[in-house]
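Those sequence lines, one after another, are chains G and E.
Numbered according to numbering that gives the first Met the number 0, the first sequence spans residues 0 to 396.
Numbered according to numbering that gives the first Met the number 0, the second sequence spans residues 0 to 292.
Where hints are given, some of them may not hold.
[To be verified] Listed below are the simulated DSBU-like cross-link pairs for lysine-lysine, each with C-alpha atoms no more than 35 Å apart in a straight line:
hint, chain 1, residue 1, chain 2, residue 2
1, E, LYS233, E, LYS290
2, G, LYS58, E, LYS233
3, G, LYS19, E, LYS33
[As the list claims (entries may be wrong)] Some chain G residues flagged as far from chain E (calculated, every beta-carbon gap over 12 Å):
hint, residue
4, VAL26
5, GLY35
6, ARG62
7, ALA63
8, ALA164
9, PRO210
10, SER234
11, ARG275
12, GLN339
13, ILE374
14, ASP375
15, LEU376
16, GLU384
17, ALA388
18, TYR392
Worth flagging that the hints you see were computed from the coordinates, not collected in a lab.
All C-beta atoms in this analysis are idealised placements derived from N, C-alpha and C, irrespective of residue type, glycine included.
Residue-level listing of the chains:
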Amino acid sequence: MAQACLTLHDPALGAQSAAKLAAFANVLRANGFAIGLAESRDAFAVLASPAGRRPVLLKPALRALFSATREDWRRFDEFFDAFWRGKGMRKVQPLRGGAAASAGQRRPLPPSFAPEAPPGAKESAARDDEGGGASTMGDRRDAASSAEALESRDIRYIADPLEMAKVHALAERFARRMRARLVRRWRARRAGPRLDLRRTVHHSVAHGGTPIDLVWRRRKLRPLRLVLLLDASGSMELYTAFFARFLHAAVDAFREAEAFVFHTRLVHVSSALRERDVARAVDRLALMAQGIGGGTRIGESLADFNRWHAARVINSRTAVVIVSDGYDTGEPERLGLEMQRLARRARRIVWLNPLLGWRDYEPTARGMRAALPYIDLFAPAHNLESLAALEPYLARI
Amino acid sequence: MPLAREDIASRLAEVGYIADRDLATALWMMDFLKRPLLLEGQAGVGKTEVAKALAAVHGAELIRLQCYEGLDQNAALYEWNYQRQLLAIKAREGAGESAERIEEQIFSEKYLLERPLLAAIRRTEAPVLLVDEVDRADEEFEAFLLELLSDYQVSIPELGTISAVTIPRVVLTSNNTRELSDALRRRCLYHYVDFPDVDREAAIILARTLGVASSLAAQIARLVAAIRKEDLRKAPGVAETLDWAGTLAGLAIEDLRQSPEIVHDTLICLLKTHEDRARLTRETTQRLIGKVA
């Protein structure tokens, strides 16, 4: 405080305080504040004004000027006190969600996010080598590595890392294809019944005011928005890596898509998935979603979503896709209630359950039963074909 | 010369808006730097009210643009009066005027319909322009708004460029239904409006409601703060608090403890969904009253 007061009371407002203000702006920039030259210039103007001589006013003034989001607004005081009053932190905080920060300290992936998902994979590969290629695994033999065969196979049974990589690539390609098709439909449907007076009159000028060329107002449809909620709990382990790829491609391809991962709590992972490089994106996703184990609280995760994110990410054309096996360790009543709330907001709720592809599966898990009444489409998601079946459904919304 | 910060705070109080220090500073900076002010916060915290109070403080006109999905330039900026233009074309044609002359005539001021944004930059006295719920508008509109807010001029192809006569005071509000662009955020000063604390809410009740004693106002403010802490779908806003305070005053209640039944029955002023209403049972209300009164 003392130092700040000294410089600020200095009537000459010398180069010293100007330099200090510039340094402060730099600290904020390094911490993710969007501050341009215009903002710095205005900050100098404030500093030179009568208000600049009163530190009590300076803080709220600079906060209003330099913040752009609620997050900035909340964090500003900390930075201000640390910088001008020498309190608290000394060092620049690592960039929020920055790629540079995570690159240096990358930790090994939790097993469920590693690209070779099934635990049997390594084992079978090793046995292959020993046996000089005499494969004993039945599902490996009939894995004609054509795309079609891969598309219809349950992810659980894909053991070969190479095949797994192929499936991941297909999942990505599929998400992109889905986007292209959806958008095409959107454009083809452009037509509408209303006359556009503005353009009609404009065209009529050439004919001396007689509206010969009629211009029709076309309906502008906004593309579908996707919100994906992925269950990353232990029971979903075999499928998580696969869906992480799918999420990555979907967030990348849909201009309007948001992704969340949940297990015992909910994590917003869209920013991690916007990373172009798949491996790094999935890597960051894994870091953000750490804490796996200890059961799945679907109900509470949904409650979090409804309370903090739903208003922002859901609009009138939003399909919410939940990928989960429905094994909930929380109260089923809670899950039912939150599903009801979600259903009221979202246009459609799609629940993808990998177990549904298993033979003889019945949705008897209590959580799953509680959620069923609010689901518009309950579909299997154990292989690529089942995902592909989703696209025509979404296009109709 | 912009008003000093203290003047703004006291004048806001005079027109019935109790501002905290941060907001008064932000409003002062808005005048000083000629930048728009972006207000964010939950619904019902009094964002729109800020603009109204600001207009009252400066004795300026309030021009309001309510944003919605699909809002376009025609609805926000200007529109030609087509029906009148068509009539004029026919009438003048009959009088034998030339096409060029007609065109010149029908694209003149007379046939121009001002919409809020154009109105705001053409007033001789700087008005307060309130762009309400800007997050509901499309991204295209946001980009256009950004352009207007940095240059304060618009071009109408048929008329030419219109520059601002005076720079309006611009207040934008957002409910966070969509993420606003960084460019727009950077262009604006930022203030996060939170629910007022108990003291300020009590002051607001006293300033805005007739016939409420200060002890009751404090009780109401405390109870509303407690209700906001309950797990509700929709936390009651300041406007709801004022409604409720007015209702209690109308029922001549002087102390919340004196008639918990009436308190519970009048909670419909605060709780606007069936779910919330069901959640706050009679017992809960009793408990809350016991805690705060």
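Worksheet entry | Minimum Cβ-Cβ distance from G:TYR392 to chain E exceeds 12 Å | Holds, because the least Cβ-Cβ distance between G:TYR392 and chain E comes to about 24 Å, which exceeds 12 Å.
Worksheet entry | Pairwise hint evaluation, E:LYS33 against G:LYS19, where the allowed Cα distance is 35 Å at most | holds, 24 Å
Worksheet item: Once the closest CB in chain E is found, is it more than 12 Å from G:SER234?
Response: holds, 29 Å
Worksheet item: Per the stated criterion, does the least C-beta distance between G:ALA164 and chain E lie above 12 Å, as a non-interface residue requires?
Response: G:ALA164 clear of chain E: closest Cβ-Cβ about 34 Å, beyond 12 Å.
Discussion item. Is the claim that G:ALA63 lies outside the interface with chain E correct, judged by CB distances over 12 Å?
Written reply: violated, 4 Å
Worksheet item: Is G:LYS58 within 35 Å of E:LYS233, Cα to Cα?
Response: holds, 32 Å
Fill in: Status of G:VAL26, Cβ more than 12 Å from any chain E Cβ
Label holds. Min Cβ-Cβ 17 Å, cutoff 12 Å.
Worksheet item: Does the claim that G:ALA388 lies outside the interface with chain E hold up, using a Cβ gap greater than 12 Å?
Response: holds, 31 Å
Fill in: Minimum Cβ distance from G:ARG62 to chain E greater than 12 Å, as the annotation requires
Violated, because the least Cβ-Cβ distance between G:ARG62 and chain E comes to about 7 Å, which does not exceed 12 Å.
Discussion item. According to the definition I'm using, a residue is off the interface if its beta carbon is farther than 12 Å from all beta carbons of the partner; does G:ASP375 meet that for chain E?
Written reply: holds, 22 Å
Discussion item. Using Cβ atoms and 12 Å as the threshold, tell me whether G:ILE374 really stays out of contact range of chain E.
Written reply: holds, 21 Å
Item to complete: Classify the label on G:GLN339 as holds or violated, using whether its beta-carbon is more than 12 Å from each beta-carbon of chain E.
Response: Given that some Cβ of chain E is not farther than 12 Å from that of G:GLN339, nearest at about 10 Å, it is violated.
Hints 5, 6, 7, 9 and 12 from the list above are not met by this structure, while the remaining hints are.
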